[in-house]
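Visitor: Sequence order for the protein chains is A, B and C. Okay, so the first sequence: first residue is 295 according to the working numbering, each after it adds one. Okay, so the second sequence: first residue is 74 according to the working numbering, each after it adds one. Okay, so the third sequence: first residue is 8 according to the working numbering, each after it adds one.
Do not rely on the hints blindly, as some may be mistaken.
[What the hints assert, rightly or not] Short derived list, chain B residues pointing at chain C, Cβ under 10 Å:
#: 1; residue: 78
#: 2; residue: 79
#: 3; residue: 95
#: 4; residue: 113
#: 5; residue: 126
#: 6; residue: 135
#: 7; residue: 136
#: 8; residue: 141
#: 9; residue: 142
#: 10; residue: 150
#: 11; residue: 158
#: 12; residue: 161
#: 13; residue: 174
#: 14; residue: 175
[Stated by the list, open to error] Far from chain A by the CB rule (all over 12 Å, computed), these chain B residues:
#: 15; residue: 82
#: 16; residue: 86
#: 17; residue: 99
#: 18; residue: 101
#: 19; residue: 104
#: 20; residue: 112
#: 21; residue: 122
#: 22; residue: 129
#: 23; residue: 131
#: 24; residue: 132
#: 25; residue: 143
#: 26; residue: 153
#: 27; residue: 160
#: 28; residue: 165
Since the hints were made in silico from the structure, they are not lab data. Note that CB positions come from ideal geometry on N, CA and C, so glycine has one too.
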Amino acid sequence: MNSLLPWFILLLPLASASVIILFTRRFKRVSSFISVATAVAGFVASFLLFRQAGPSAAPLTWIDFPGVFTVPLGFSLDGLSKTMLLVVTGVGSLIHIYSLGYMRDEEGQSRYFAALSLFMFAMIGIVLANNFVMLFIFWELVGFTSYVLIGHWFDRDAAAEAAKKAFLTNRVGDFGFMLGILMIWMPTRSIVFQDIEAAMPQTGLTPGYLTIAALLIFCGAAAKSAQFPLHVWLPDAMEGPTPVSALIHAATMVAAGVYMLVRVAFIIQASPDALTVIAWIGTITAVMAALIATQQNDIKKILAYSTLSQLGYMVMAVGLASKEAAMFHLFTHAFFKALLFLGAGSIIIMLHHEQNIWKMGGLARKLPITFLTFTIGALALMGCPPFSGFFSKDAILALAYQNNPWIFAVGLFTAFLTAFYVTRLLVVVFLGKPRTAEAQGGDEAPLVMTGPLIILAAFSVLAGFAFFAQRFLALPQETEVSAVVPALATLAMVGGVGLGFFIYRNRTGERFDIALLRHRFYVDEFYSWLIDSTQEALARLSAFIDRWIIDAGVVRGASGGAWGAGAILRLVQVGNLQAYVFLFGLGIVVLIYFTVFR
Amino acid sequence: MVTLGDYLLVSALLFTIGFAGAMLRRNIIVILMSLELMLNAANLSLVAFSRFHVDRAGLPNYNAQVFVFFIITVAAAEVAVGLALIVALYRSRQTTHVEDLTGLKF
Amino acid sequence: MMAPWLFWIFALLMLIFGAAVVINRNPVASALSLVVSFLGLSALFISLDAFFIGIIQILVYAGAVMVLFLFIIMLLDLRAEKLRRINWIASAGGIVVALAFFIQVSYVVGHLKAASQGFPPLPKSTGDDVRNIGLLLFTNYNLPFQIIGVLVLVATVGVIVLSRKESR
Numbered sequence: 295m296n297s298l299l300p301w302f303i304l305l306l307p308l309a310s311a312s313v314i315i316l317f318t319r320r321f322k323r324v325s326s327f328i329s330v331a332t333a334v335a336g337f338v339a340s341f342l343l344f345r346q347a348g349p350s351a352a353p354l355t356w357i358d359f360p361g362v363f364t365v366p367l368g369f370s371l372d373g374l375s376k377t378m379l380l381v382v383t384g385v386g387s388l389i390h391i392y393s394l395g396y397m398r399d400e401e402g403q404s405r406y407f408a409a410l411s412l413f414m415f416a417m418i419g420i421v422l423a424n425n426f427v428m429l430f431i432f433w434e435l436v437g438f439t440s441y442v443l444i445g446h447w448f449d450r451d452a453a454a455e456a457a458k459k460a461f462l463t464n465r466v467g468d469f470g471f472m473l474g475i476l477m478i479w480m481p482t483r484s485i486v487f488q489d490i491e492a493a494m495p496q497t498g499l500t501p502g503y504l505t506i507a508a509l510l511i512f513c514g515a516a517a518k519s520a521q522f523p524l525h526v527w528l529p530d531a532m533e534g535p536t537p538v539s540a541l542i543h544a545a546t547m548v549a550a551g552v553y554m555l556v557r558v559a560f561i562i563q564a565s566p567d568a569l570t571v572i573a574w575i576g577t578i579t580a581v582m583a584a585l586i587a588t589q590q591n592d593i594k595k596i597l598a599y600s601t602l603s604q605l606g607y608m609v610m611a612v613g614l615a616s617k618e619a620a621m622f623h624l625f626t627h628a629f630f631k632a633l634l635f636l637g638a639g640s641i642i643i644m645l646h647h648e649q650n651i652w653k654m655g656g657l658a659r660k661l662p663i664t665f666l667t668f669t670i671g672a673l674a675l676m677g678c679p680p681f682s683g684f685f686s687k688d689a690i691l692a693l694a695y696q697n698n699p700w701i702f703a704v705g706l707f708t709a710f711l712t713a714f715y716v717t718r719l720l721v722v723v724f725l726g727k728p729r730t731a732e733a734q735g736g737d738e739a740p741l742v743m744t745g746p747l748i749i750l751a752a753f754s755v756l757a758g759f760a761f762f763a764q765r766f767l768a769l770p771q772e773t774e775v776s777a778v779v780p781a782l783a784t785l786a787m788v789g790g791v792g793l794g795f796f797i798y799r800n801r802t803g804e805r806f807d808i809a810l811l812r813h814r815f816y817v818d819e820f821y822s823w824l825i826d827s828t829q830e831a832l833a834r835l836s837a838f839i840d841r842w843i844i845d846a847g848v849v850r851g852a853s854g855g856a857w858g859a860g861a862i863l864r865l866v867q868v869g870n871l872q873a874y875v876f877l878f879g880l881g882i883v884v885l886i887y888f889t890v891f892r
Numbered sequence: 074m075v076t077l078g079d080y081l082l083v084s085a086l087l088f089t090i091g092f093a094g095a096m097l098r099r100n101i102i103v104i105l106m107s108l109e110l111m112l113n114a115a116n117l118s119l120v121a122f123s124r125f126h127v128d129r130a131g132l133p134n135y136n137a138q139v140f141v142f143f144i145i146t147v148a149a150a151e152v153a154v155g156l157a158l159i160v161a162l163y164r165s166r167q168t169t170h171v172e173d174l175t176g177l178k179f
Numbered sequence: 008m009m010a011p012w013l014f015w016i017f018a019l020l021m022l023i024f025g026a027a028v029v030i031n032r033n034p035v036a037s038a039l040s041l042v043v044s045f046l047g048l049s050a051l052f053i054s055l056d057a058f059f060i061g062i063i064q065i066l067v068y069a070g071a072v073m074v075l076f077l078f079i080i081m082l083l084d085l086r087a088e089k090l091r092r093i094n095w096i097a098s099a100g101g102i103v104v105a106l107a108f109f110i111q112v113s114y115v116v117g118h119l120k121a122a123s124q125g126f127p128p129l130p131k132s133t134g135d136d137v138r139n140i141g142l143l144l145f146t147n148y149n150l151p152f153q154i155i156g157v158l159v160l161v162a163t164v165g166v167i168v169l170s171r172k173e174s175r
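Let the sequences and hints guide you as you build the complete structure.
Guide: Given below as structure tokens:
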């Protein structure tokens, strides 16, 4: 039984998705309850799995070319995966429950819940996989379900475009990921993490090879975790339903990249150069996203950029060779970011899908529970002590302080920006007077929606405290410098809050208009220019080849050659019977001459 | 004494006459007749060889004569089909003159 | 064997009327010349002691094939062709090729040792070559014989199909 538990956890959501797709498509309520029930059951099973310290199930062999290539179907059940499993199934269950309320009036409920279950299956697969091939397959599956869920309202052009964009951007990263897997497999002849770790020291690889391999693997993580320069898909992914944004594009899937980096940290940490690159990419992403977030007007876009920013922190921690700090921040972030998105979802649903923060205002009185929980989430996000984000962000900043002052400085500035834009969001949305008629009416969301909010808020407060977190995680060690860093971080936070409060109190419109930030540093424009121009060049090249080599050379050449040969040969075909007989006789005479007289 | 060579020469002459006829004449019926001449020239040399090779029992080689028999049969069938073709041709083209039949010309 | 002068008479007869087939402008005259030419040919067959072949030559050609020819000529109501412009180059070429062919063949015949020999005498008069040929036909050559039968059948059907009037 014990060894079957991981299988049960993994396959339960798949069963749910299959049942919904095959049998209960027509019955929306049944579908949604099946999905929610399996998600909760998965959480309970994960908890049981967490409590037991049994050996993992013996791996099954899936593909076996002895001595060359073996793919087992096995699980890695260590503290890391068990905690991640709890986060995924726990947050996943809450969001499933929340979806019951959020998606109540939707047409495609069965499709939605089937995709959600499929996502749970894939995500659990990523968490449990003990080898690269399994990981990669579930990795792709997660990408696919993300595509389906972003494009849930596929009749909206923006949603369909966003889904495509997410999928294609992820493909770019996954291609690098696959190359990285191959580069690791070639010297070690293994794809199982443990075996690779054991084999790595003996392979004697050059640092250059290791750096490239590590960076290629990071490429996959960068796409999934939306790191610069592959971050462009995540803000657009907010076209999906809000619970999806909360579950996939904030709490779990985008964290999968970080989780994967932590899982293969032994590869990345083997190359100092790769670590430096990764740390800086995380830093750049963090500060860039935070800067962009200050100029966004869409509540979900702001949260999306804050997700980017926090993911940047996690990647920064990975790059600073501390997987504990990365996982700690991932752990806390999952709770408060899911909370923020779900809170935003309540607001959005109450305002009938209005997402512009300048059309809200004064919502604190209308939505007290949402306001309270959202504020808790926001405080956790900006790293206000004693909320969870404070501890985890502090761990990362302390790490940076020790290792690289530049990264620390940028990280601190990002913390300031975070406090600033979160305050802006809070002030504009909840305080002041309602700016539109829609913001005046409305009621608090039903219990299925507020319940998860409250639970998540509790975790957002708790998750940072050592007594709670160390049950689940190996926490980063405290160091002596810890007095300086929290002080500076808190100072930055207070500064950001104060500035935000001062600027945006009682305003009805954006005060600044910074085009560079509003246009997200023109990355999207650059990409479309790049793709347009390369596509144009390639198209011209292939048009040239098609027109002048294939058409003119091969096709016309063949037809012209056949035509010309025909034109010459038709001179022989006089169409005169007598001439044929004459030539025939001439042939006979010549034939006789050659056979008899020669 | 009449030798084998005499028969063969007569046969060759007849064949040449038929050959020339097929080449020179333009009436398709006469061409068909010329074909018959050539076939029978071949028959003549076959029968001459048959008579020339007398086996131990004192009989001519009848294999050649059986062959001639086949040729005559096939020639009869060929004439029948050929004439039917000429009739069909004449129906559609109103001519038996090969220079008017230029359907094979591009 | 018959006397040499008879051979030459029949050979000449055959060749002259064979040439007449080609030379005559009137297809009826050509057809009748062909009959005479084949009569000479069958006489030559008989001179070679091939009585059966000689007889069926007359029966098949003079009796059946020539009737067919004449029938068609009358059916199509063919007249003597008008003298068209003769393509002298083509005619000369045809004659040259035909002559070249004849010269080649006569050269081969002239260099054939057996060609200068006479025919060996037959020990006894073999009047029953019909029986001998028939025996061969129904033993050694049975399969070709059957196939020829099928061929004739096919030709019959083909002729009927070809000469049927188009009924639309």
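Visitor: Hints first: check each against the structure and report whether it holds.
Guide: So, going through the hints one by one against the coordinates:
1. 78: Hint on residue 78 of chain B: holds, closest Cβ of chain C at ~3 Å, below 10 Å.
2. 79: 7 Å, holds
3. 95: With a minimum Cβ separation of about 9 Å from chain C (threshold 10 Å), the hint on residue 95 of chain B holds.
4. 113: 6 Å, holds
5. 126: 9 Å, holds
6. 135: With a closest approach of 5 Å, the residue 135 of chain B hint holds.
7. 136: 7 Å, holds
8. 141: 5 Å, holds
9. 142: The hint holds - residue 142 of chain B has a Cβ within 10 Å of chain C, the shortest such distance being about 7 Å.
10. 150: Nearest chain C Cβ about 4 Å off; hint holds.
11. 158: For residue 158 of chain B, the interface hint holds, since the closest Cβ of chain C sits about 6 Å away, which is under 10 Å.
12. 161: 5 Å, holds
13. 174: This hint is violated: residue 174 of chain B lies away from chain C, its Cβ roughly 14 Å from the closest one there, beyond 10 Å.
14. 175: Result: violated, 15 Å to nearest chain C Cβ.
15. 82: 16 Å, holds
16. 86: 16 Å, holds
17. 99: Contrary to the label, residue 99 of chain B does not stay out of reach of chain A, its closest Cβ about 7 Å off (not over 12 Å).
18. 101: 8 Å, violated
19. 104: Residue 104 of chain B is in fact no farther than 12 Å from some Cβ atom of chain A, at 8 Å.
20. 112: 15 Å, holds
21. 122: 18 Å, holds
22. 129: About 32 Å separates residue 129 of chain B from the closest Cβ of chain A, which puts it past 12 Å; holds.
23. 131: Check passes; 33 Å lies beyond 12 Å.
24. 132: Nearest chain A Cβ is 32 Å from residue 132 of chain B, so the label holds.
25. 143: Per Cβ check, residue 143 of chain B is outside 12 Å of chain A; nearest 23 Å; holds.
26. 153: Per Cβ check, residue 153 of chain B is outside 12 Å of chain A; nearest 20 Å; holds.
27. 160: 18 Å, holds
28. 165: Non-interface label on residue 165 of chain B holds, nearest chain A Cβ at 16 Å vs cutoff 12 Å.
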